[in-house]
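*Asks:* In case you want the letters, here they are:
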Amino acid sequence: MIPSGKILVYFKILISVFVGFIIIWFGFLKFIPEFREKEYSKGLKFAISENKGQLTALKLEKEVESLQKKLGRLNPGKVYLVINTAENSFQVYKNKVLDYEGICSTGSYIHLEADGDKQYLFETPKGVFTVKNKIVDPVWRKPDWAFIEEGLPIPPPTHASRYEYGVLGDYALDIGNGYLIHGTLYQRFLGLPVTHGCVRLNDADLKYVYDTMQLGSKVFIY
Amino acid sequence: MVVIGTALIVVVAGILISRSEVKKAAITLKLNDLEKIPALEEWDNPVKQNLWKEKLWIENQLVTGKEDSMNIGINFTDSIIQLQFKNLALVKSKINYKIPENFLSDINSEAYQYFFGKPVKILAGNSNIAKKPVKKVRIDSEGNTVPIDTTASINRRFYWEFITENNIRFVINGYNSKDSTGSKPAFHRDIRKYRFSRKAQLENKRVFTPVVFIWLDNDDAKAIYRALPYKATIISRN
Numbered sequence: 001m002i003p004s005g006k007i008l009v010y011f012k013i014l015i016s017v018f019v020g021f022i023i024i025w026f027g028f029l030k031f032i033p034e035f036r037e038k039e040y041s042k043g044l045k046f047a048i049s050e051n052k053g054q055l056t057a058l059k060l061e062k063e064v065e066s067l068q069k070k071l072g073r074l075n076p077g078k079v080y081l082v083i084n085t086a087e088n089s090f091q092v093y094k095n096k097v098l099d100y101e102g103i104c105s106t107g108s109y110i111h112l113e114a115d116g117d118k119q120y121l122f123e124t125p126k127g128v129f130t131v132k133n134k135i136v137d138p139v140w141r142k143p144d145w146a147f148i149e150e151g152l153p154i155p156p157p158t159h160a161s162r163y164e165y166g167v168l169g170d171y172a173l174d175i176g177n178g179y180l181i182h183g184t185l186y187q188r189f190l191g192l193p194v195t196h197g198c199v200r201l202n203d204a205d206l207k208y209v210y211d212t213m214q215l216g217s218k219v220f221i222y
Numbered sequence: 223m224v225v226i227g228t229a230l231i232v233v234v235a236g237i238l239i240s241r242s243e244v245k246k247a248a249i250t251l252k253l254n255d256l257e258k259i260p261a262l263e264e265w266d267n268p269v270k271q272n273l274w275k276e277k278l279w280i281e282n283q284l285v286t287g288k289e290d291s292m293n294i295g296i297n298f299t300d301s302i303i304q305l306q307f308k309n310l311a312l313v314k315s316k317i318n319y320k321i322p323e324n325f326l327s328d329i330n331s332e333a334y335q336y337f338f339g340k341p342v343k344i345l346a347g348n349s350n351i352a353k354k355p356v357k358k359v360r361i362d363s364e365g366n367t368v369p370i371d372t373t374a375s376i377n378r379r380f381y382w383e384f385i386t387e388n389n390i391r392f393v394i395n396g397y398n399s400k401d402s403t404g405s406k407p408a409f410h411r412d413i414r415k416y417r418f419s420r421k422a423q424l425e426n427k428r429v430f431t432p433v434v435f436i437w438l439d440n441d442d443a444k445a446i447y448r449a450l451p452y453k454a455t456i457i458s459r460n
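First to last, the protein sequences are chains Y and X.
Just so you know, the numbering used here puts 80 at position 80 of the first sequence, and the rest follows in order with no gaps.
Just so you know, the numbering used here puts 400 at position 178 of the second sequence, and the rest follows in order with no gaps.
No lab work stands behind these hints: they were computed from the structure.
In this text the structure is predicted, and so the values were computed from the model without any measurement.
Some hints here could point you the wrong way.
Beta-carbon label-pair distances, calculated as ranges [stated by the list, open to error]:
no. : chain 1 : residue 1 : chain 2 : residue 2 : range
1   : Y       : E101      : X       : A408      : 26 to 36 Å
2   : Y       : D115      : X       : K453      : 34 to 44 Å
3   : X       : A408      : Y       : F189      : 31 to 41 Å
4   : Y       : D137      : X       : H410      : 51 to 61 Å
5   : Y       : N133      : X       : N398      : 34 to 44 Å
A short, non-exhaustive set of chain X residues, derived as facing chain Y with CB atoms under 7 Å [said to hold, decoys possible]:
no. : residue
6   : L273
7   : L312
8   : K358
9   : R360
Glycine is no exception: its CB is placed at the ideal position from the N, C-alpha and C atoms.
Just chain Y, with the same shape it has in the complex (with noise of 0.2 Å):
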């Protein structure tokens, strides 16, 4: 038999034990986060120092990834045309897949040299364009070249014989500066530069070309 009085001092120390327990297990408590951070941090900087190489791989490709995304934004519009004065050839582009293609006529690189110092080189430019107006059964005005090439003397700018009907084709986009894509009376020279810088094509692609091309698409010309 125990005595009652043991029993007691065993149930004091019991108790005083569990209390002691408790007040240092909230003690503990109050620091865990802080103790938890550093442990992960601690296990942080481990496994950096360890995959350091794959995590510079993975933030190395998510960059080219971002890039090419961005490189791929950069696009010309959902049709454009792109026109080679070296082979006298264009191609139709929708959604950067070749949609059409033919051949057309650029210009001659004639060096013009007139009486008076007047000079003309006949040259298709080379760069981007938009398509600035489109034309039905355009009219040709005809420039001072036009007369000195054929021998005339240059009539005033407004003169009636500056302008020429049906010698343009049925249509016509203007570029700007005066240069046009339109059609032509001579088709047995299309693949050859013998303009004077528009760009010539045959009926049929000329009414391809004008369907397709929207005010503001783009004209490639190199």
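We have chain Y already, so just place chain X on it with the hints.
*Replies:* Structure of chain X alone, referenced to chain Y:
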């Protein structure tokens, strides 16, 4: 006589010293350029090296895409040379042959960035065809067209060499790649031609000038050459 002779010696010595100073300055400049470039992390790892190269290549394309003139992109890895404008490849031509086969492929990251890391300009070049095949004519008093002069090229194999501002010499040779017989270019003849033509323009031999010979389809090569401005921008990767 003695005075004149001494003066002459002094002048000649002065010229020689100043020439060597210029050379020294040029070499120092090149070395300094390379020293300023930071190394790229873990370049020796082939996966990461390829990612670094791709990153630089796309960054360069984004830079040249903003330019208002046509430029040229040479990708030795994919064997593609392209005429580019506003991020659009107007001409994409296959590099059929190149010498050396592995052009600057085993270099450290600093040297790679020096040669391929940024867009550079063409400093000087020459070709056997004119940029513009101009035909000069004159209208006589009777209205007849009289040819005066012509720079129009005869139909011959295209040849074009140029040096870039980061000191790479590109030698581009055209050949008929569409020939059904599958004949190869005359490599030795084309290389010999380059050596003869550059005799007159040899610069400072002490600056490292890598040379790469490229063989392309004749028509593509001509179209690219004619479309580019004289001091065009060039980007490249290997």
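*Asks:* Taking the hints in turn, state whether each one holds.
*Replies:* Each hint tested on the structure:
1. A hinted range of 26 to 36 Å for the beta carbons of E101 of chain Y and A408 of chain X is consistent with their spacing of about 33 Å.
2. Taken as a hint, the range 34 to 44 Å holds for the pair D115 of chain Y and K453 of chain X, whose Cβ atoms sit roughly 36 Å apart.
3. Remark: the range hint 31 to 41 Å for A408 of chain X to F189 of chain Y is upheld by a beta-carbon distance near 35 Å.
4. For D137 of chain Y and H410 of chain X, the hinted distance range of 51 to 61 Å is satisfied, since their beta carbons lie about 60 Å from each other.
5. The given range of 34 to 44 Å is respected by N133 of chain Y and N398 of chain X, whose C-beta atoms sit roughly 42 Å from each other.
6. Interface restraint check: L273 of chain X against chain Y, minimum CB-CB distance 4 Å, threshold 7 Å, status holds.
7. Look at L312 of chain X: its Cβ gets to within about 5 Å of chain Y, closer than 7 Å, so that hint holds up.
8. A cut of 7 Å between beta carbons decides the hint on K358 of chain X: the least distance to chain Y is about 5 Å, and the hint holds.
9. Of the supplied interface hints, the one on R360 of chain X holds, with its beta-carbon coming within about 5 Å of a beta-carbon of chain Y, less than 7 Å.
The earlier numbered hints are all upheld by this structure, with none contradicted.
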